[in-house]
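2 protein chains.
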Amino acid sequence: MSLSRLKRILIGTPFPTSAAPHERLDKLRALAVFASDPISSNAYATEAIMTVLIVLGSSALALTMPLALGIVALVILVVFSYTQTILHYPEGGGAYIVSQDNLGKYPGLLAGAALLVDYALTVSVSVAAGIRALASAMPELYEYRVPLALATILVLTLVNLRGVRESGTIFAFPTYAFVGGVLLVLGLGLVRYFGLLGAPPLPPHPVRVPAAVSLSGVALAWLLLRAYGAGCTALTGIEAISDGVAAFKEPSARNAAITMLVMGMMAMTLFAGISFLATHMNIVPEETESVLSQMTRAVTAEMPAGRYMYGWVQLFTMLILVLAANTGYQDFPRLSYFLARDGFLPRWMMNRGDRLVYSSGITVLAVIASLIILAFRGDEIAMLPLYAIGVMVSFTLSQSAMVKLFSRVKRIPAGGVEQTQYTTLRSESGVVWKQVLSLIGATVTCVVLLVLVSTKFREGAWIVVVAIALLILMFRAIRRHYDFVRSSLSTRELTGEDLRDVADVAIVPIADVHRGSLRALKYASRISRDVRAVAVCTSESQKEKIRERWSRFPELTSGIRLVLIDYDYRDIIAPLFQYIDYVNNVEFARQLVTVVVPEFVPGSLAENLLHNQTAHILRLRLRPQPDIVVIDVPYHLSERSFEDAERRGQRLARRPPSGVGH
Amino acid sequence: MSLSRLKRILIGTPFPTSAAPHERLDKLRALAVFASDPISSNAYATEAIMTVLIVLGSSALALTMPLALGIVALVILVVFSYTQTILHYPEGGGAYIVSQDNLGKYPGLLAGAALLVDYALTVSVSVAAGIRALASAMPELYEYRVPLALATILVLTLVNLRGVRESGTIFAFPTYAFVGGVLLVLGLGLVRYFGLLGAPPLPPHPVRVPAAVSLSGVALAWLLLRAYGAGCTALTGIEAISDGVAAFKEPSARNAAITMLVMGMMAMTLFAGISFLATHMNIVPEETESVLSQMTRAVTAEMPAGRYMYGWVQLFTMLILVLAANTGYQDFPRLSYFLARDGFLPRWMMNRGDRLVYSSGITVLAVIASLIILAFRGDEIAMLPLYAIGVMVSFTLSQSAMVKLFSRVKRIPAGGVEQTQYTTLRSESGVVWKQVLSLIGATVTCVVLLVLVSTKFREGAWIVVVAIALLILMFRAIRRHYDFVRSSLSTRELTGEDLRDVADVAIVPIADVHRGSLRALKYASRISRDVRAVAVCTSESQKEKIRERWSRFPELTSGIRLVLIDYDYRDIIAPLFQYIDYVNNVEFARQLVTVVVPEFVPGSLAENLLHNQTAHILRLRLRPQPDIVVIDVPYHLSERSFEDAERRGQRLARRPPSGVGH
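Chains as they are written, first to last, in the numbering used here: chain Z, 1 to 662; chain D, 1 to 662.
Hints may be right or wrong, so weigh each one.
[As the list claims (entries may be wrong)] Each pair of labels, with its calculated beta carbon distance range:
1) D:Ile463 <-> Z:Asn612: 29 to 35 Å
2) Z:Tyr308 <-> D:Glu607: 54 to 60 Å
3) Z:Ala469 <-> D:Ile617: 32 to 38 Å
[To be verified] In silico negatives: residues of chain Z with every beta carbon more than 10 Å from chain D:
4) Leu63
5) Leu103
6) Leu197
7) Gly217
8) Met265
9) Glu287
10) Thr288
11) Arg341
12) Pro346
13) Gln421
14) Ala461
15) Tyr523
16) Val601
Just so you know, the hints here were simulated from the structure itself, not pulled from any lab data.
For every residue, glycine included, the Cβ atom is placed at its ideal position computed from N, Cα and C.
Same shape as in the complex, but just chain Z (with noise of 0.2 Å):
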């Protein structure tokens, strides 16, 4: 009982059903809690293609801005293609149900797939790039970061399993707290650096070195697109606007296109800021401390209240990294509950627990996330390679998804309307170029990951191939075995007679004659006409004991038949098994049998250890058997001071339970 109270104090009361939430967001808060995921990736974005042309020392970190630039395109092609898929999936389309309602079950199946990885990374991805903010403004948390990494994890599961009411509340704070203190940051930066306003200017960095190896042609250009590739970890998290789209206020859908057009502004703008003024103060990554870490404490420096300027950006970025780790927490759960309802994923995984939140899916994320951090030993730069190439095929799919869905609005009669799996499609104008958009997407962001799979393929992007593979073999088995369980249990072309008769025979294993089974004897008496009572004797005493016992009870044993079983080795379930197989399978073949096991019930799981889990046993051989009955007849050792107490009327009166209807 004391571990329920606990998970009471964790976890909070139960809510009923009925008080599931219809809450729905206005644009400013919705921002605040889609965008945390996009902008808190500027916190290792710049540093993620930084880290790729150091190589060719410290001079190239200057192509880090065209590389920016690149990827701010695509991002721009990503936020306006995406925003067609929101007008036309106002219940929600994640790249699952888009790819499902237009191109199919495995496409739709290889898009859930690549958000799940994707999801879970955003946790551990997230949580260690926070941690790593920590560790650069308290340089002597850093070997603790491991540790820490998984502390922020169990917070952020026990808040999510409690669930979070406010979160619109909660979240618009940091978010808009880090915008603005980067955006400050950036301003300064820019003024110091081209000396306006009389400002002092930026303290001097070390001139730019030029690496003893360099690469042209060939190398030089797989090296570009290996830093374009690791920039495009900036894209991550822009989906998930189109999955709740239902979340937003009315007209929800408008709402949220608006919503996405901001955020991608607003994410791009801090994100071409970042790379333009680190690649002018000539930053070099380093490990202990981040770029933006830098960046900060450089342009903060010898300004007045510069120490709080630079502790306000260090602990918003690791607030708003740790609610981009919380919209994994979002999203994951949601993603494995559709997958559940459509039976690729176990169905326990759509329960929702007491405080109304899908616990199973926000466990199943936590564990995953935690493995991550551990095997990547808590450092986010080495998971980058794994990060974003899930979230670029969700791009490519569900791109791909609106250009089919085109075609099929394309057919529909000027005021037709056709109603898919998911939504409803109406006639519309300007479809040819919507398509072209979506076209052009699909194109681009299929050519990045390509990019992303070839160039980062050693370093970690296979795991996620495979991770892919497997859960797309894994969400197959599972649909079948679940279409298996149905048709076995379907009732469609029952009749009474189809059901398996019942023998009338119950066999009853003894060890002994005492209360216990004398107990599970009578039972058996009173269901069938033939008891078999059986004990396996392994010497002669024992025989005669049973036999003496047994005699001494002539009303109870009258009509029972005792088999004595001689056995010369130690281990008794064996010929017990034996002889009830027999029963089952020669005696009353294609009939249910019934065995009735006497169960001795100690008060205590110590106590458990002292007595032989014979009935335990015999319970768990008898499991594989189809046509077996078992019967468990306790006999709990307390019971006879329990008795006494009882006829002393110490039990208290019970009410009947109410909510009952027959």
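Put chain D on the given structure of chain Z with help from the hints.
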């Protein structure tokens, strides 16, 4: 099934109970079996003394010899005293039995607990010392000593689970090879030391240096006592013969007594010899090479075939230590069998496994010994302070018991006979002298015990004291539990009316109407006229679906009450349990109520993960209720295809089991 095949390969095919061995040992083989433990302690006993003395500088090591002689004197006393025990307990008289028989329950339990601890330490200490002997010859193995020690324990465990039939012969060779090898080294060493027979002198050894600190008075006496206590590990294993008298050829008691004397002489010759030579050769104990190895290396240096001689001694040191560990595998399970038979340990420790050995005792011992190895990182010198305490407790108790026994013998008239619980006493001559001898033995070992505990208390002896106390508390609690069980199940005052009545009601919890639940309902209808199908409904649509399907099987469901419980939470076990509790305690108070659980059995463990474990959880929740009989009606997923196969007559005919008598 592959698990049971692996067991067959590792352990061998089962032996029938009637095949219990009756082989008895002659003196030569018995000596080898029982002597390996006390003789093997020569591998570390001298070193244990020197390790204490080295605190006073290497010149203090000269004190080793007088201390060793003091230990030899103690051994002689114990051996002579124990021969009396052997002669009076020809059926075997371990300290547990002798103390139980003469001093009462608690002294018996104290002896039993002390010996259990000591036998476990025998395994750990001997295995660790054996690995050290190996590492002295091959220093590159030193860092792997913990895994090597654990692997040795695993092998010993498997060998003992198979059962050692030819143990006598196996044991004889390494024991005599070790004794012969060490005697040769001692002989050679003495010849070279005294420059006899024109042998080359021993290589020069470092001159002794006094330590910076010097002790005097109480501190010196304390150190000498500690060194003496450390050397007392040489006494372990001496008591084993008294427990195993029954294994000797007739006249077994006389043969056992003679064997004990020879064993004591042999072990003490080696001990005195090693101590003499080690001190006169100025050997200093080192962490990575044992004293015996250093001595052998020096003595055999520059000799023809010296390297082979060194290899021989190290090899057989290791082997005799492994054999000594093996005696723990004989002693621990035998003693735990006695304790379990008397109800002080879980009864399953009496069970003999497939090969007629006490498998549970062997397994428990292996686990404890491995944990000790891990806790001490395989350093046997660190374990020694814990060792020898248990054996000294058992010496003291067993000899005190003999003092008491001789008092009883005195009162027997000439030619008279008195029967005790474990043996037969006759009048005999010289009782007074024998009693005095036992009294001196008991007093001396008691003093040594106090010295051991007080000098080694902080180094680890406290662990043994605590462990022994906890074991005795555990023995008592277990015995009480068994006494309680016996009285609970007793049929002494039982009449038929004392057994609970069976209520004519069967509750069938169902989640849906399908083949599985219909089968359970059919079964329930057969055993009761008041069947109630209970479903917890979390939504209106679910309720409708159940009502609709229910009405489709009128011939099956007529006469069955359908109870639908509305419930606004997801934890459906709670309302089910509440309903059953109400029926059990209000409607049919003080009667057995039957719950029929339709259980759905997936084909594999992996498939199990895809289903809610509602039936299983319900069974666990109902288990603590005293008056509820649970019936599992299984429905196997593979059943329909199985039935199809059956119709095609593919099942094999089965023969009736043999050995069944009615």
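Which numbered hints does this structure break?
12, 15, 16
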